[in-house]
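Engineer: Chains as they are written, first to last, in the working numbering: chain A, 153 to 480; chain B, 905 to 1227; chain C, -9 to 323.
Keep in mind that a hint or two might mislead.
[Stated by the list, open to error] Reference listing, derived: stretches of chain B covered by chain A, where coverage requires no fewer than 3 residues with Cβ under 8 Å from a Cβ of chain A:
{"hint": "1", "segment": "1120 to 1128"}
{"hint": "2", "segment": "1142 to 1154"}
{"hint": "3", "segment": "1217 to 1224"}
Note that these hints are calculated values from the structure, not bench results. All residues carry an ideal CB built from backbone N, CA and C; glycine is no exception.
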Amino acid sequence: MTDSRDSVLSLRDFKVEFSTPNGPVQAVRGVDLDLARGEIVGVVGESGSGKSVTFLGMLGLLPQSATVTGSATVNGTEMVGASTKTMRAIRGREIAMIFQDPLSALNPVHRVGDQIVEMIREHQDVSKKSAANVAVDLLGAVGIPQPKDRTNQYPHEFSGGMRQRVMIAMAIANDPKVLIADEPTTALDVTVQAQILEVIDKLREDMGMAVVMITHDLGVIARVADRVQVMYAGRVVEKTGVEELFADPTHPYTEGLLRSIPLLGHQRLLPIPGSPPNMLRPPSGCAFRPRCPYVIDECGGVLPELEPVRGASSACIRAGELTLGVLT
Amino acid sequence: MLRFIVRRLLWFIPTVLFVTFLVYVAVRIGWDPVKTYVRANPRASDEQIAKYREVNGLYEGFGGYIRGYFEWLWSFVQGPDHWSRSIKGGAEVWPTLRYSLFNTLRLAGTAAVLGIGIGLFLGVVAGKRPGTWIDGLVNTTAFFVGSIPPFVSAVILQLAFAVQLGWLPAAGVYPPGHEGFDPWLMAKHMALPVFVVAIQTIAGYTRYMRASLLDVSSADYLRTARAKGLSERAVLRRHTIRNSLIPIATVVAIDIGALMGGLIITENIFNYPGMGVFFINAANDGDYPKLMPFLVIITVSVLIFNLLADLSYAYLDPRIKLD
Amino acid sequence: MTSYEPIHESAEFESFDELYEVSEQEGLDVRTLTPRQLAWHRYRRHKAAMISTVIFGILLIMVVFAPFFARYGVNEPVIPISEGPNQFLEPQSVAWFGTDDIGRDIYSRLLYGIRTSIFIGVATGVIAVLIGATIGSLAGLRGGRLDDRMMRVTDIFLAFPFLVAVIVVREFLGGVAFLEPVIGDKTSIRFIIVLLAVFAWMGVARLVRGQVLSLKEREFIEASRAVGASERRIIVSHLIPNSIGPILVALTLVIIGAIVAESTLSFFGFGPQPGSGSTSLGNLVLLSRSGATQGNWWLVVFPCGALVLLAICINFIGDGLRDAFDPKMDAGR
Chain A
153 MTDSRDSVLS LRDFKVEFST PNGPVQAVRG VDLDLARGEI VGVVGESGSG
203 KSVTFLGMLG LLPQSATVTG SATVNGTEMV GASTKTMRAI RGREIAMIFQ
253 DPLSALNPVH RVGDQIVEMI REHQDVSKKS AANVAVDLLG AVGIPQPKDR
303 TNQYPHEFSG GMRQRVMIAM AIANDPKVLI ADEPTTALDV TVQAQILEVI
353 DKLREDMGMA VVMITHDLGV IARVADRVQV MYAGRVVEKT GVEELFADPT
403 HPYTEGLLRS IPLLGHQRLL PIPGSPPNML RPPSGCAFRP RCPYVIDECG
453 GVLPELEPVR GASSACIRAG ELTLGVLT
Chain B
905 MLRFIVRRLL WFIPTVLFVT FLVYVAVRIG WDPVKTYVRA NPRASDEQIA
955 KYREVNGLYE GFGGYIRGYF EWLWSFVQGP DHWSRSIKGG AEVWPTLRYS
1005 LFNTLRLAGT AAVLGIGIGL FLGVVAGKRP GTWIDGLVNT TAFFVGSIPP
1055 FVSAVILQLA FAVQLGWLPA AGVYPPGHEG FDPWLMAKHM ALPVFVVAIQ
1105 TIAGYTRYMR ASLLDVSSAD YLRTARAKGL SERAVLRRHT IRNSLIPIAT
1155 VVAIDIGALM GGLIITENIF NYPGMGVFFI NAANDGDYPK LMPFLVIITV
1205 SVLIFNLLAD LSYAYLDPRI KLD
Chain C
-9 MTSYEPIHES AEFESFDELY EVSEQEGLDV RTLTPRQLAW HRYRRHKAAM
41 ISTVIFGILL IMVVFAPFFA RYGVNEPVIP ISEGPNQFLE PQSVAWFGTD
91 DIGRDIYSRL LYGIRTSIFI GVATGVIAVL IGATIGSLAG LRGGRLDDRM
141 MRVTDIFLAF PFLVAVIVVR EFLGGVAFLE PVIGDKTSIR FIIVLLAVFA
191 WMGVARLVRG QVLSLKEREF IEASRAVGAS ERRIIVSHLI PNSIGPILVA
241 LTLVIIGAIV AESTLSFFGF GPQPGSGSTS LGNLVLLSRS GATQGNWWLV
291 VFPCGALVLL AICINFIGDG LRDAFDPKMD AGR
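Generate the whole structure from the sequences, applying the supplied hints.
Structural biologist: As structure tokens, this is what we get:
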């Protein structure tokens, strides 16, 4: 377990609530996280689990209808309730974020080089010319060939994988301590996925940058993550190391995720039945209760907290007594 | 890009010829120039009628139309001295046309600059705070004003400010009989018509710009921009507005192209001697020598600005596949 | 080895309703609303549109049953001339909205006139939508030269100053002799409907084309093709139903556009003269020209007011429809 003193990013009881015409929606219901320098933490969950909203909320990038509570500290600076000025100083400098679809995440009418220059000049007092040169170097660092020519091109002139590299180049421009990667490979082909993950891993190594890898793809987790947090319905239901996640899951939801990976030799696909809950009225107690095969009456009681189990943390009250896992 | 421009330009000339030919056919069939000549000059002799026919190249039949068109075109491009004269009293067409053109350009130009400028500004004011009372107020007002048919607002304003209150003159460019150039007087006379046109323009562009802004506001690249640490102002300026203006530019170009057609309604109600009044009178008289130059000038203007609209869109949005 | 079974066996419950109830309580929404219901709910939330629908509905009833709601006949003088002056009377008990130059009740004439104009608007709208949706979907689906040509042609047509173009086309259509038996004479109602429809279909076509272009790439269209559906079937069964929203919005815009255009043309003497049996809103609005300069304010206020009221109502309804069918409004997720 990481000591909060060494962490570059710390979340404590982090909550996000949206006010909608139908009532308040609790998208994130108490998340804790500690991220140490240079490590990659994977955040896994289905759509709607709150994994992206957590980090968008931390950076203040959610719409007005969102209320953020709890604590989120970046190198000691508190983000929750911070002034716009403080947040703007952190965004793009201490913490950078890359998104799922690089085509829509880049402005189509600005050249790629100009967009990187914008990132640089927002936080560094340099001339346009030197920033432009740095932009070329950055493109080279992420593996884009002929960076000097390509810096004058527009986003639609790049392929999907190249575009994502551009986004990464832009993100690392100011040497951030943390890179938040929100489903960076989901929109890409499988072969390209591996390349992008390699780029991120290498940069992490070279720069000592910590990475939050948000994804729903366990394959990505297996490839790059050191530790994993599994989220469901706005809460973390399991925290563990990456190998332990696959070998010895401690939460039924995690087991469900593992079982739903299609494997050669198995004849039927085994999805988790049902669908994620409507966060307008979350189920009482454990939110996974309606879909869980191990459910007992106590599960509907108090909202379960993470408790240590066999070296991991699990929010399942039955974690100690259950034998979970994908046994062949 | 260059290839694109050249291709468009090459298409331009044949398009102009084709469309103006269609206009020629429409005018010939719609107004029957000989009949209208006779109606305007009931005591014209057969010789005069025949001469009129010949001077204006009013041949019959399909081949006759083609020949007539090219004859007309040839005399048109040679300049106003070669143009045939109006059926009313044989007056020269160009002086009146030129006078009308200048008046309309003055009126429309002022209204356009004011209208587009204020409209875009208000559109941004509303669009950058959707859901607030300012947005609601601007949007609703623009909606209401835009729903009022132009001639209604013209008539009502004329009734209110000119007739009842007598603050501003109801008609014309200058009071009847005035000579010379008097900017203050001209401004007074133009005030109401400009206002009428301008509020319609403002209403329209406010809604366009607001809609465009709202469209762009949901784009992901704005989130990226904020994630870079940009201030809201910078995001607005460099990303939101910049991208919102792309479709607007096209609209502006086309609007300008149509300007020459005159603001028929406003000019008519305020007795303002512009292209609109010119056209209505010519249309009512069936005055062929006036109709053709007028319509062709409008056509060319529309086509030129259409072309400019296309080019500007391609220039502003690099995603457009230039083929 | 555990196996995953369905959570709630339906055998546990007496009926589906019970299942839904429990599921809803636990935050598991089993039911969703159909797109049509969703649209209706969103429409209801647009207050201005709802009010406008009510107002327009009342107006519609009044004008459809005009003989019942009107106080006098279309051409009936309020007071027979033998019994006293009846021209240009101000609004009073015998004539709520005043009288015109030959003593006819403006209120009653307004009812009949609005009826005619709404008829013109709706007829134009229906024709324009039928033609426009057909051509637009064909152009969008097939692409290629048809699409190119259509876009070019409509581009240019739509760029012309509207009134100039309308007047030119009006004279042209009126001058083509062999068309007259079909579309009537220049001053007839049939004619103006055709004239306005000629302009209106283009906007609808472009709109539908845009919709089709974005729908074309969706998988269900590819699937229909793969199954061998004919072009006609794809258009009728898939493309059009999914474009209902924009088409309805376009319809409202055409309707009010036609009503305003008819009034504007009448204002300049290019409008329909419906003959002695009825009148049109445009004809009544024409009175406001002289009314303004002669100070007969009721000739300006009531016809123009009615026109503006119609315009605002129909525009709000169109706005409500746009909100109802636009999925972007659901950006809460």
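Engineer: Mind taking a look at whether chain A covers the segment 1120 to 1128 of chain B? Criterion is 3 or more residues with CB to CB distance under 8 Å.
Structural biologist: holds (count 5)
Engineer: How does the segment 1142 to 1154 of chain B fare against chain A when you require at least three residues with a CB closer than 8 Å, holds or violated?
Structural biologist: Held - the segment 1142 to 1154 of chain B has 5 residues with a Cβ nearer than 8 Å to chain A, which meets the minimum of three.
Engineer: In terms of beta carbon proximity below 8 Å, does the segment 1217 to 1224 of chain B have 3 or more residues touching chain A?
Structural biologist: holds (count 4)
Of the numbered hints listed earlier, not one is contradicted by the structure.
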